[in-house]
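Student: Chains V and C with the ligands: place on chain W using the hints.
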Amino acid sequence: MRYDFDFAVLLDYWPDFLAGAWVTLQLTFLATVFGMAIGTLCAIGARGKRRWLARAIGIYVEIIRNTPFLIQIFFLYFGLASAGLRLPVFTAAVIAMVFNVAAYCSEIIRAGMDTVHPGQIEAAQSLGMSTPTIYWDVILRPAIERVYPALTGQFVLMMLSSSVASQISTEELTAVANNVQSFTFRSLETFLAIAPMYLALAALLKLSFWGIGLFAFPRRRRLGTAL
Amino acid sequence: MDIVFNWSYFGYLLYGAMWTLVLSACAFVLGGAAGFLVMLARTAQSRLIRQIALVYVEIIQGTPLLVLLFIAYFGLGVFGIEVPPLVAAAISLMINASAFLGEIWKGCVEAVPRTQREAAECLALTRWQAFVDVILPQAARIATPPTVGFMVQMLKNTSLASVVGFVELTRAAQVINNSTIQPFLVFGIAGTMYFVLCYPLTAWSRSLERTLNVGRR
Amino acid sequence: MSAAVNAPAVALPAVALKDVRKSYGPLEVLKGVSFDVAPGEVVAIIGASGSGKSTALRCINGLESIQAGSIEVCGHHVGTQRSDAELRALRQDVGIVFQSYNLFPHLTVEQNVTLAPRRVKRIGNAAAKDLARACLAQVGLAEKADSYPEQLSGGQQQRVAIARSLAMQPKVMLFDEVTSALDPHLTGEVLRVMEKLARDGMTMITVTHEMGFARRVANRTIFMRDGLVWEVGGAEMFAAPRTPELQSFLGSEL
Ligand SMILES: Nc1ncnc2c1ncn2[C@@H]1O[C@H](COP(=O)(O)OP(=O)(O)O)[C@@H](O)[C@H]1O
Ligand SMILES: [Mg+2]
Chain W
1 MRYDFDFAVL
11 LDYWPDFLAG
21 AWVTLQLTFL
31 ATVFGMAIGT
41 LCAIGARGKR
51 RWLARAIGIY
61 VEIIRNTPFL
71 IQIFFLYFGL
81 ASAGLRLPVF
91 TAAVIAMVFN
101 VAAYCSEIIR
111 AGMDTVHPGQ
121 IEAAQSLGMS
131 TPTIYWDVIL
141 RPAIERVYPA
151 LTGQFVLMML
161 SSSVASQIST
171 EELTAVANNV
181 QSFTFRSLET
191 FLAIAPMYLA
201 LAALLKLSFW
211 GIGLFAFPRR
221 RRLGTAL
Chain V
1 MDIVFNWSYF
11 GYLLYGAMWT
21 LVLSACAFVL
31 GGAAGFLVML
41 ARTAQSRLIR
51 QIALVYVEII
61 QGTPLLVLLF
71 IAYFGLGVFG
81 IEVPPLVAAA
91 ISLMINASAF
101 LGEIWKGCVE
111 AVPRTQREAA
121 ECLALTRWQA
131 FVDVILPQAA
141 RIATPPTVGF
151 MVQMLKNTSL
161 ASVVGFVELT
171 RAAQVINNST
181 IQPFLVFGIA
191 GTMYFVLCYP
201 LTAWSRSLER
211 TLNVGRR
Chain C
1 MSAAVNAPAV
11 ALPAVALKDV
21 RKSYGPLEVL
31 KGVSFDVAPG
41 EVVAIIGASG
51 SGKSTALRCI
61 NGLESIQAGS
71 IEVCGHHVGT
81 QRSDAELRAL
91 RQDVGIVFQS
101 YNLFPHLTVE
111 QNVTLAPRRV
121 KRIGNAAAKD
131 LARACLAQVG
141 LAEKADSYPE
151 QLSGGQQQRV
161 AIARSLAMQP
171 KVMLFDEVTS
181 ALDPHLTGEV
191 LRVMEKLARD
201 GMTMITVTHE
211 MGFARRVANR
221 TIFMRDGLVW
231 EVGGAEMFAA
241 PRTPELQSFL
251 GSEL
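Protein chains in written order, with full-length UniProt numbering: chain W, 1 to 227; chain V, 1 to 217; chain C, 1 to 254.
These are calculated hints, taken from the structure and not from any lab test.
Any given hint could be a false lead.
[Unchecked claim] Short, incomplete list of chain C residues facing chain V, as computed with Cβ under 8 Å:
1) 63
2) 88
3) 91
4) 92
5) 96
6) 102
7) 105
8) 108
9) 116
10) 119
Here a beta-carbon is modelled for each residue, glycine too, at the ideal position from N, C-alpha and C.
Isolated chain W (complex conformation) (with noise of 0.2 Å):
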């Protein structure tokens, strides 16, 4: 059985790949972003002295870790509209990554906020700093230093799960892809292309992680530890 690659009909549809990659980005941006606030505030709650709401966040994390993406956005996405409220794809794909990538992230900086050794919280105490002064500079910022790596995967993951948004019809990279395959019917061409794409797009999201890395942690710039 032979086939005959036929790649350059998709050279056409090269303004919509790029403006699909951009709805990509778009959605990592934001989904960044946010997920990292909300996920650090979840941290943080997790391990507070609230117990109401460390368990709060704790049935959150689990419901979010234990189901599947595409389960959570078509719940969010559908759900919604037949409740009336009909967001638009984008901004449902937004919030359902939000929520998402904030669960996994709050584990993440949980697990880095436990390496922070108490003995390091009592010196900053006794020194007379005010509690979110000892929060962000005494345990977020090293905690967050020392799983930085690991945040950055869950964030390459989450840029890689952003084509689920696809089946709600945001457009990003991989509905572009669908609506090109059903024009030109070189399905495997169209996916085989966009595969490089989302290599481009993770190298990339890398590339601004390894750089934000660069710049927050002036430690690790300085010993030449690997980020």
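Tutor: Structure of chains V and C with the ligands alone, referenced to chain W:
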């Protein structure tokens, strides 16, 4: 317009859940076997083999599973045969798992102290004998918690098979929702079923990790 | 002692190093080391930390490759290049015991001892079991056969490591500071095992900080310094060192 969720729908979801399990099992067995080979290649003596394996892992880990699934689905279709969605799904999950498990297991193999291999080789064992009799049993112990953790990942990943029309839990829920239009209820129940399948594995992985850490101390 | 009767008038050395040079990158660790060890001889190597003692031992059983010179061990030639098969043949004749025991934690004491004979010499399970009992009896641990390494004291673990090497029936045994990781009250049991081994005619090279042991048990002692064999002598060397370096080393070791 008054079709509501009832017990026969629930039965259909259970039927879907069964196929989710079947697909997960296939993916784990195939992915585990392929992942073992990836791990061998990633720890091979030859630099070339190690680098080829690294490129493979990077490519697979940088490509969305959904895209892999489409490539497998349409790629197999190229051979002119009608591809059962189960096969396409199993193959793409296998490839995805091979990269992730291979990388996890490589880490575990490398976590065994170098002196263990050295001691084995000083007893005139071959590299392979040292690997099988000395390194592997110790690496397997370290590897169990993250491997069980990844099984949860795989179980959730099978939901993507719905996209190529394989009727597993997510597809079953979609079908039911299309007629009942009760998404909160239908996807809520499906989500709960996933949770019931995944959570025990998550908890098991966590407790394995704890005993391992205690044992090491 | 029939072996001694049959031995040729001039015995070939069991181990012979000739001008061995070894570098880690730019750092030259062995700068032309030469010495011979006769069959049945016990040689102690002493010297300050970092002088290249461990490296010399590791070169002898091929754990490290050498850049120049040659090593001859029981008829195996260890040049600068060796194949894996040659290495394994060499290692069947040369046992090594490390400071850190390196027992296999997932195997019982008996399995630790039988693994190599079963895999390398392909002897049957029953024979391997008998062999293990014999080797463990030799180090006084026959009753610990079914224990796991973590259940043993450091001294016992080190004796198991010795038994594990003996099970391959080596012609030469190398010991690298085997008592350095042990509490002082546990070193005696290990040293006694080694002493018995020496009396039974085993060819031994032992890197040690136990000056008393070197003086009492070794036929000759090699003092290494800066990657060189600095001074060689018998027990009298401890009382009357010829070089000031050895003198100050012995002074610091007391
Ligand atoms: N794997 C290695 N890589 C680089 N340098 C090493 C290595 N092993 C040993 N060295 C160096 O070689 C020198 C001699 O080491 P070693 O033979 O262990 O000394 P000794 O056993 O006499 O204390 C030391 O300076 C040590 O730092
Ligand atoms: Mg040493």
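Student: Hint by hint, which ones does the structure fall short of?
Tutor: 8
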